[in-house]
Amino acid sequence: MSRRELDLDQALADLAASLEFPPTPDLAAAVTARLDEAPARRPAAPARRRGRLAGLVGRPGWRRLAVAGLAAVLLAVAVLVASPGTREAVARRLGLRGVGVQLGGPPPPTVTTRPGERLDLGLGERVTLEEARRRVGFPVLVPGAAGFQEPAAVYVNEAVPAGGRVDLVYRARPGLSASPFTDVGLLVTEFRGQPTPEFLKKVAVLGMVEEVRVGGEPGYWFSGEPHFFTYRDAAGSLQDEQTRLAGNTLVWQRGELTLRIEGEISKQEALRIAESMR
Amino acid sequence: MEGRPLDEEELVEQARGGDARAYEVLVRRYQDLAFRTAYVIVGGSADAEDAAQEGFVKAWYALPRFRAGSPFRPWLLAIVANEARNRRRSGRRQDDLALRVAEDRPSGDAAPSPEAAAVDREQRRLLLDAVGRLGESDRQVIACRYFLELSEAEMAAALGCRRGTVKSRLSRALHRLRAVLAEQGTPAAAPDARLQGGER
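Protein chains in written order, with this note's numbering: chain A, 2 to 279; chain B, 69 to 268.
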């Protein structure tokens, strides 16, 4: 370190010593109370979901969406339970690098798509496209299709999954309606998928998943009823709590990259945007 | 680097086994750190409390996936910081880093004259003000390093970036802080600053 660097270093350390943070609330008591409330010390998923939703529907304004979410959960579960045999057969041949597609099986325990938090898409840090390109270890692609060449916002998360991840967000506008699940017009996610562990997990219902080809490479189109979808969190865990519902989604492979487009768009539109990525 | 107390691993192990009392001890131990880290990210105490509490609850449920023997602090900080970032994105912008410079010197320092103390305080206030003028990313990396005194691994966890990029991010942030100070005309940017520690 140079002399000047040392000076600033010392000045900041000196500042830190006399800095006042707001008083820390008694988190230990609050957290312990919440854990005690839970039916088991580390409850199985269904018990937790009940607790969550009970809290949600108790709040004014959240009731409608929570109930809608719950209805979707129940519908999905009902359909899943109906066809266990087929599900096993299909589950084996689904999946892209970094993406697990589970047809049926236990539904994720929580639905966190709720008003006011719908923009919580688990994105990383907001940066410019150039900065995102500098930070991740893969070429960041942008749609060449008219109207999609300039994302409204770009987010980067360097930590998870390994190799990083970039999200392009497009605002809703005439001809591109806001998704009820994300509140944005279009969300494009890119990461370098590893065969394991998967970074995205999707739980969908047979009949709502269609195999497609994008530029000759494999992909899946999810449509119809919303499907569940879980990202790994910053700590690298597949967090059940971060599960949310997603609408129409195209996920596909492009070399080492795995890409995902989510929005209220038709399959043709999604494929057109996907094919134009460069 | 972590300097963990001897019994931390044991507490984590007990908590992993479902012992909520052991976990309470861990929460009490790290609640300051978790709350302040969340505060640095969201910039408001209500949201910071919310994020830290939610982070601790999620960490409890995620404990079975915690790798035994690895350091607990960065793991916990990653979860709390992620909660905080989610709140920052979904919420309105808060009064950014509304930290205060204490009126009194921390105990243990030599008592300066009242005039010198006033100048000191003013200098620290200006420096804090300059930090507050930086962009979000610069402010956070400086706060993590200096105000929270996080290790590199912990900084990477709290900032959601690779460990290898922490140093360069910090040095870029300090560079820009120096530029803000120079613009302010604050002597802290100059070699003969009153703020430098060596002369005290």
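Incorrect hints may appear among the rest.
Said to hold, decoys possible - Just a few of them, taken from the derived set where beta-carbon distance is under 10 Å, the chain A residues facing chain B:
(1) 15
(2) 127
(3) 130
(4) 136
(5) 140
To be verified - A short, non-exhaustive set of chain B residues, derived as facing chain A with CB atoms under 7 Å:
(6) 82
(7) 95
(8) 103
(9) 113
(10) 117
(11) 121
(12) 124
(13) 167
(14) 169
(15) 192
(16) 194
(17) 214
(18) 230
(19) 244
Calculated from the structure, these hints are not laboratory results. From the three backbone atoms N, C-alpha and C, an ideal C-beta is built for every residue, glycine too.
Violations among the numbered hints, reported as their numbers in ascending order: 3, 5, 6, 16, 19
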